[in-house]
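As you go down the protein sequences, you meet chains G, P and V in turn. First residue of the first sequence: 1, per the numbering used here; consecutive thereafter. First residue of the second sequence: 1, per the numbering used here; consecutive thereafter. First residue of the third sequence: 1, per the numbering used here; consecutive thereafter.
Among the clues, some could well be false.
List time: in silico PhoX-like cross-link candidates among lysine-lysine, alpha-carbon distance up to 20 Å [claimed, not checked]:
{"hint": "1", "chain 1": "G", "residue 1": "K245", "chain 2": "V", "residue 2": "K170"}
{"hint": "2", "chain 1": "G", "residue 1": "K389", "chain 2": "P", "residue 2": "K644"}
{"hint": "3", "chain 1": "G", "residue 1": "K389", "chain 2": "V", "residue 2": "K19"}
{"hint": "4", "chain 1": "G", "residue 1": "K25", "chain 2": "V", "residue 2": "K117"}
{"hint": "5", "chain 1": "P", "residue 1": "K123", "chain 2": "G", "residue 2": "K285"}
{"hint": "6", "chain 1": "G", "residue 1": "K317", "chain 2": "V", "residue 2": "K170"}
{"hint": "7", "chain 1": "P", "residue 1": "K123", "chain 2": "G", "residue 2": "K393"}
{"hint": "8", "chain 1": "P", "residue 1": "K284", "chain 2": "G", "residue 2": "K282"}
Here's a subset of chain V near chain P, in silico, CB distances under 7 Å, partners left out [what the hints assert, rightly or not]:
{"hint": "9", "residue": "R40"}
{"hint": "10", "residue": "N101"}
{"hint": "11", "residue": "E105"}
If you anchor each label on the Cβ, the simulated ranges turn out as follows [to be verified]:
{"hint": "12", "chain 1": "V", "residue 1": "T20", "chain 2": "G", "residue 2": "L296", "range": "47 to 53 Å"}
{"hint": "13", "chain 1": "P", "residue 1": "E48", "chain 2": "G", "residue 2": "I157", "range": "17 to 23 Å"}
{"hint": "14", "chain 1": "G", "residue 1": "C292", "chain 2": "P", "residue 2": "S28", "range": "55 to 61 Å"}
{"hint": "15", "chain 1": "P", "residue 1": "E44", "chain 2": "G", "residue 2": "F46", "range": "43 to 49 Å"}
{"hint": "16", "chain 1": "V", "residue 1": "L88", "chain 2": "P", "residue 2": "G355", "range": "22 to 28 Å"}
{"hint": "17", "chain 1": "V", "residue 1": "L88", "chain 2": "P", "residue 2": "S61", "range": "20 to 26 Å"}
Hints were generated in silico from the structure; no laboratory data involved. If you're wondering where the values come from, they're calculated on a predicted model, not measured in any experiment. All residues carry an ideal CB built from backbone N, CA and C; glycine is no exception.
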Amino acid sequence: MKRLASISVLLMLKARAFAVARFPKPDFHSGYQYPDIVHTVPNETFWSWMDLGILTLMLLAAVWAVHRAKSRRIILGISLVSVLYFGFYRSGCVCSLGSIQNVALAIADPGYHLPLVVLLLFLLPLAFALFAGRVFCAGVCPIGALQELVNVRNFRISRPVTVALGVIPWIYLAFAILYAATRSQFIICRFDPFIGIFRMGGDIGMIVFGVLLLLLAVFVGRPFCQFLCPYGALLGLFSRFSARKVEITSPECINCSLCHHACPVDAIRPPSRSSREEAAGKGIKRVLLYLCVLPLLTVGGALLLDSQHDSLSLANKQVRLLHLLQTQEETATLQMAPEVEAFHEMGGDVQVLEEQVGHIRQQFHLWSLLAGGLIGFSVGCRLLRLSVKRTRKTYEIDPVACVACGKCWSYCPQNKSR
Amino acid sequence: MKDRKIYRDLALVTAVFALALAIMLGVSWLQSRRSTPLQSQVLETLKELHESHPENEELASQIRQLDLLSRKAYFTEKSQLKSGVWILCGMAAILAFCLRMYYKDSRTLPGKELPAGDEWQDKTLSRRYLQWGLATGLGVLLLIILSNALQPARFFRQHEAEPLPDVDNYAVLDEETQATEPTQTITEEPEQQAVRPMQSVEAEPQQPVPSAQAAETTPQQPAQNAQASEASRPQQAVQGRPASEEARPSKELPQVATEPSVPLPVVKSRAFRGNYSSGRSSAKGIPTSWDLSSSRNVLWQTAIPRHGYNSPIVSGRKVFVTGADERARELYCFDLFSGELLWTATADNIPGSPGQMPEVNEDTGLAASTAVTNDKQVCAIFATGDLLCTDMEGRRLWARNLGTPDNHYGFASSLQMYGNLLIIQYDNNDKAELLALNVENGAEVWRRNRKDKIAWSSPVIAQVGDKPLIIVMGNPAITAYQPRDGQEVWRVDCMSGEVGASPCYANGIVYGASEYAKAVAINAEDGSVLWEADDCLPECSSPVATKECLYVATSYGAVCAYSAENGKVLRQHELETPFYSSPVIADGKVYLFSNSGKCYIFSADIRFELLNSFDTGEQTFATPAFTDSMMVVRTDKSLYVVRKKE
Amino acid sequence: MKKQAKQPKGPTSRRDFFKTCGTIIAGSGLLAVGGYLAPRSSATEGDSMWQIDPELCLQCGRCQTECVMPVSAVKCFHANQVCGYCDLCGGYYRANVKELNTAAENMLCPTGAITRKYVEDPYFEYTIDEDLCNGCGKCVKGCSSFGNGSLFLQIQQEICLNCNECQIAKVCVSGAIQRVPVSKAYRLKDKA
């Protein structure tokens, strides 16, 4: 099949090459010299390694600011640098958020060349999260930094709602992986609300969305990071097991609850009193129930999403082309779409395309199973975690939710007195 | 405290300004998206208008002004947008800073004491929300699945199931046609049997080549075939004017009585360039010289009411041409012997017909397509997409609009008929397709989507062995279709540019030639290319072929004879006058008109001698039609018939 | 990560145990991804910039409208070595031009980005002003259908933001926009 495709491409190239060179090369007598036009290429390699270097430096600086200096001022400084450099100067691409998709594609398709820089962009913040919590979110990520910089007040959303909304990043992540692995679309890049602001141009819909999110960010802490960011979901997972957690203060917490009020992302858990008494064994039963539900949800999610893999596959360009070709065939009166016209002009073979589409649909089959499973699993895990009672004596930081913005430090009276 | 107030005021002012600026920018941005000044429709229309009126200075200066304006608008818009966005960003930064400063002091104390909250209660509530969300998601998904399942036109399911029902459909169609045919023939007049679809398909191919001369040009035909056609000739002569409607007027019309000695012509020219557009006629006794001014060898000459570049067709004693202008589109029927306009059928009141005439080139006009007949019905098409079908008496049988063609020169493909199938090559900018309509009621029999671009070529019927093929030349392919169901038999990519000439067929070979492309000879059996040449290529004029030669007339004045065997140019005449009319072979000679109206007559053999040439004095773009010892010629304004005078 | 504990341990130490397990799993996961992808990615330093393959480009006009830049990063390039230096240039003049002068009604480029200079009879040199060019591809279409095809569209790498996924590539009708190595950042026709 591939050979067929390459042969047809060769033939087409020949036909096209045949079409040019209608006029002979002029024979100049006046000593005319061909102008030497040089098209400059920016040193992309240099810049990408430069980005990586700056990212590492800023991550290190953030680690120092979060764990050593405990200074929000430094974190804000880092944020400003990040917004200016990664955001406005480098205009965003490629970022760690987007690199999820490149990595997913590289895993799914061994033929895809993943630049090392992109791989490192993906791995570095995760590695840092494993050792020091979400320092990437603190100020290194320009998206988080921008939201942090505009945030002035925090109006708290009801905690149950935020917890429930917390599954959205996982769903987003699952779809991002599904579409990236099948080479259909990079939806994280496509629906990045802030890239348009950094570039001062682009898709108007996304810019409006970004501006609305920023307006929201003035009163609610980091709405994108909390409720949308797929990379944040991964970072949260890694920082759950991080070796060194972000701490509010030295152990002598006086339970004043100031930090709890200050936290923009509601990551500080108050001391919990086991207020309600339950019959013995009821808690265990509940946990067991949710343990049984977990695989059910996983399998159910996988099967459900898989049942839709045909419709999902329409996001792929090739599949859409075949779809267009077929609708064109059926309703011949419709105006020919430019894609269809181009397909015919290039001497495309419908049979080859059909084979390709069949292959793509197979991929969708596999990856929608996986993505559906991921969604089901993440929801199941969340339910399971919510069914376990925990006791806490002091105010503690939930490492999954904490973005290490450092706001709580200045609120803590114990810190002040130190 | 004072500082706070300043910051608050500053924040308010910047917020108002930023909001106003953002709205302004948004609006202007949206406007620029909707209609970029560079893609101004007005400017483009003006430029096109200027092309047809290059001398109009006022128009030119208007274009220049508008062009300058639009470019100015484009670039200032871009720069304004850019600076506007920068200002907006600056304002946003100031706003954020002011707000921060304003709220700086309020941070030490929380706005109000938050209830500590019961964590377990929160968790339970969260779980419940999650479960609700899950249930809603599940419900939505199920709804989608259900609606998808209910929808019959699902993309993939349909796609998988497609091939089978298709085959069934064709089988059903076949059965239907077969089943309905006998009943129809029974109910109708017995004379009409001769022209029934499938039988006539079998019988008709022999009709254009019944005479010995035709047998000579296509000697591939087996001997018994010639005998058979010879034998069928008298029969046809009877059947040829069978249609009672045709016999009747000939009795009733008194003018005809003035020519009692002339039998009704047997040879017909049913389509553009003769029957099946072969370019060859079995007519004999055509004069090799005539003079319009002195009426030497000219039977009659009469003016055609409305203009058109289409060619005459002849059936029995009727000559059909069409004409059109802004006001009307008409099909005319002239008497072959007297030149009297027998009737006029107007293509009006057709649903879907455009109110305004489509833009056409002056060199194409609104009536460039030649009409077609099967001795029972006449069909004509115009550049508006209006298709009209009448009986031989001019009574409208049906009419429909095929959709206004998007054609920058004007639709020009001529009609073709095969049995009761009306075949239309409808290659336009918006779509390219081949249609086959039932000539009796205009119903669509089949429709093939073509992968080609716009062309002005006309379909041709090739009788290859015992199977007929519709040959369609387009850009970039010459394609053969089966008349029965429109299935593609073969397709050869060989053309490019604007294809105006039609293909031709002789002796098992399909020929196609077009300027900016090449001349090709294709084995009609399997679509293999026999040879290619690019010495002498036509623009509008269609080539004609015999067993030995392919004759081509170009728009730059060269007229050539290619060898049918290998594509070598056997003979070339440099006549230095453009040819739009197509050569036609009759009586062993090639008849060809130049645009200025000069007639050239060559010998239709490998020597390709110029036998005679003379100026007729009237511009001629149409291709003549031949019938027994007569030739019908359409000039720019009039129609005349050439016949030897005793 | 949420398995029930079998060991009879206190809640805190059990949690610590889980955490350590999780750290190890997460760490090894990271290492696995890195180890799996690194050998393949390090070898392929290139393929990092977007570029148009002029052989495939059909000049559909989407480059002008789809780029994330306010004015598209796609520009018309001119290969002098391929150019026929014609007076009647299909990329410079409109198709049915009557007079060969620079009057607006005769020009093809909507922004006036093509300038020409007389060289010697009958040759003219054509130059593209990239600041004015908006990548609409009209001249490219004209040149490739009437001339040698010396005008062609390319992504100007100085302007291109090198998005992770090129917005134009996503809608390109012929799949002409592909990733290329930095060393071949332009697909020039005269230096093939």
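Check: Hint by hint, which ones does this structure get wrong, listed from lowest number up?
Finding: The structure breaks hints 1, 2, 8, 9, 10, 12, 13, 16; every other hint is satisfied.
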